[in-house]
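K.L.:
Given next are the chains, with one letter for each unit.
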Amino acid sequence: MSGGPSESDALVPISGLQHLMYCERQAALIHVERVWEEDAATVAGKLFHERVDRAGTERRRSGRVVRALPLRSERLGLVGQADAVEYHADASVPGGWRPFPVEYKRGRLKSERADRVQLCAQALCLEEMHGVAVPEGALFYGASHRRVSVRFDVALRQETEAAARRLAGFIQERWVPRAVFDARCPPCSLRARCLPEPVSQPGRAARHLARMLNLEEGE
Amino acid sequence: MSLQLNTLFVTTDGAYLRKDHETVVVRVEETTRVQVPLQHLASVVCFGRVGVSPELMSALAEAGVHVAFFSPTGRFLARVEGVPGGNVVLRRGQFRCADDAARTLELARAMVAGKVYNARQFLLHARRDAAEVRRQGLADAAEHLASSLRALGRAGTLDAVRGVEGNAAREYFAAFPLLVKREDEAFRFGGRSRRPPKDRINALLSFGYALLAQDCAGAAAGVGLDAAVGYLHEERPGRLSLALDLMEELRAAVVDRLVLSLVNRGQVGPGDFLEDAAGGWRMSDAARKTFLVAYQEAKQVEVQHEFLGQQVPWGRVPHLQALLLARVIRGDLEAYPPFRVR
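Residue numbers (this note's numbering), protein chains in the order written: chain A, 1 to 219; chain B, 220 to 561.
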């Protein structure tokens, strides 16, 4: 359907993969239609990341940590930023350091699958940028102070690449999937702009209009 | 999302607005009259000689708040808004619809349906508590509008739709004097007239429609539509055709109702208007303030949005209708559902 990302300017923001994993329409509304609604959760998330994302490098005994590192994959058309990349000493790697991405999540674990895909996309970028294998990373959940390590196995890599291609396709085709109203809708911050309920009932708008023209319910 | 419906109206000649941290400061002759947080505003509307600092304009634009400028007589002059939403795709869809005769016809039909239906509801509501002598006239006018709606269903061309709209508007305004309860000669309504309004009620209507058109233009821009490209209204230089389209279904329920309540309750009197040498009427500063306060209050009143199945303040309705129109343009909805007054 879509050509390679290098043939187009349909760059896929890594953060968009998380939206895609939650709801394809939400991802398309944000990344194709550029709709964004702030609610308490999105503002809190933004403020949290402002604290996390102060660019810079720290040295630790185990290696160094680079914060707010810009990421890019030509192959997948991905762009984004890692909250933190730890460089672990590893003699088997040319140069001696192996990148280890760490993504900070403000709240509790919501969808580990979405978080893992997002983290894996960072790893794919790091592999392409540094030319070294990145087999592992970690998710850090702010509310529980829990650090969960994630292995980038074949299944997760395939899932991540498929998600990146899917979102790239939406952006390239400027396609917004139709609404489906389900359990994901009530907590979604874009609900008021998406209008999933009325929009997912075929024929309802036409009937509403027809009633006005025929005055069926009028006096 | 911004649920704020607050409009900052500035009516004092010589006022100057500037930004102070995250607030808007209104200064008149070196004294601060008002200071409001940017977060609380949906729009800023200025009448007469009012200045706005470039820094404030840019902060308002960034916050999605538009600034509109009107002449002292209430004529629209200009509007400042920021970079339109990044939604080129939607605007292209909007333009394509406008170039497609069949889709334009259906959208225009729906918009006129909203206008005529709601005008009829308005007359029927008024009939309930009208004096006996007026009831028959109101019922007859409502019946005319019902036949307009039926004719609208059959209209096969855009011209036919516009024809139905013109007829319905004439019938409606012919019955309008039956809604004016003041016996005063000063509030005699001589049919709709504009540029200039030829009587006091027309002055009130023109002012109200200008405000509502601005709200509709802001709503269109807010969802990424181009306010100048409409369906029912022909495009003309300087005309906000889409804003006028969106406004049709709300005219009676928002502006006409407000105008009649101001007149019938005596909130504006004969002396609240000025006549110019050419026989045009305009509102005094005091009457304009009364109107603006009442308009702002009316926007906070909750109403049932039948299609969306929720209670919303009147002031949200233009935004929701613009959003629904955007969904029609994107192909999510197969028809435009006008706002329907119960």
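Hints were generated in silico from the structure; no laboratory data involved. Don't be surprised by glycine CBs; every beta carbon is placed ideally from N, CA and C. Treat the hints with care, since some could be wrong.
[To be verified] Some chain B residues well away from chain A (every beta-carbon gap over 12 Å; in silico):
no. : residue
1   : N337
2   : T376
3   : E525
[Unchecked claim] Chain A is nowhere near these chain B residues, computed Cβ spacing over 12 Å in every case:
no. : residue
4   : V244
5   : P291
6   : E325
7   : V335
8   : S412
9   : E454
10  : G457
11  : G488
12  : Q529
13  : H538
14  : L552
15  : P557
[Said to hold, decoys possible] Estimated spans, in silico, between C-beta atoms of each pair:
no. : chain 1 : residue 1 : chain 2 : residue 2 : range
16  : B       : R458      : A       : E173      : 56 to 62 Å
17  : B       : G372      : A       : G142      : 53 to 59 Å
18  : A       : R146      : B       : H240      : 52 to 58 Å
19  : B       : E454      : A       : R146      : 56 to 62 Å
K.L.:
Now tell me if each hint is right for this structure.
P.N.:
Evaluated hints:
Its beta-carbon lying about 9 Å from the closest one in chain A, B:N337 breaks the requirement of being farther than 12 Å from that chain. For B:T376, the condition that its CB be more than 12 Å from all CB atoms of chain A holds, with the nearest at approximately 16 Å. Listed as outside the interface, B:E525 is inconsistent with that label: its C-beta sits roughly 8 Å from the nearest C-beta of chain A, within the 12 Å cut-off. Chain A leaves B:V244 outside its interface by the beta-carbon criterion, the shortest separation being 25 Å against a cut-off of 12 Å.
Remark: the non-interface label on B:P291 is consistent with the geometry, its nearest Cβ contact in chain A lying 37 Å away (cut-off 12 Å). The non-interface label for B:E325 is inconsistent with chain A: the shortest C-beta to C-beta separation is roughly 9 Å, within 12 Å. Its beta-carbon lying about 9 Å from the closest one in chain A, B:V335 breaks the requirement of being farther than 12 Å from that chain. Distance check for B:S412 against chain A: the nearest CB is about 29 Å away, which clears 12 Å, and the non-interface claim stands.
With a least CB separation of 24 Å from chain A, B:E454 remains clear of the 12 Å interface cut-off, as annotated. Listed as a non-interface residue, B:G457 keeps its Cβ farther than 12 Å from every Cβ of chain A; the least gap is roughly 28 Å. Here B:G488 stays apart from chain A, with its beta-carbon at least about 34 Å from theirs, past the 12 Å limit. Not every CB of chain A lies more than 12 Å from the CB of B:Q529, the least distance being 10 Å, so the non-interface label is violated.
Annotated as non-interface, B:H538 brings its C-beta within 12 Å of a C-beta of chain A; the closest such distance is 10 Å. With a least CB separation of 5 Å from chain A, B:L552 falls inside the 12 Å interface cut-off, contrary to its annotation. Against chain A, the non-interface label of B:P557 is violated: not every CB pair exceeds 12 Å, the least being about 7 Å. Restraint check, B:R458 to A:E173: a C-beta distance of roughly 34 Å breaks the suggested window 56 to 62 Å.
Evaluation of the 53 to 59 Å hint for B:G372 and A:G142 yields a pass: the beta carbon distance comes to about 58 Å. Checked against the hint of 52 to 58 Å, the C-beta distance between A:R146 and B:H240 comes to roughly 39 Å, which is inconsistent with it. Range check, B:E454 to A:R146: about 59 Å between beta-carbon atoms, so the 56 to 62 Å window is met.
In summary, the numbered hints that this structure violates are 1, 3, 6, 7, 12, 13, 14, 15, 16 and 18.
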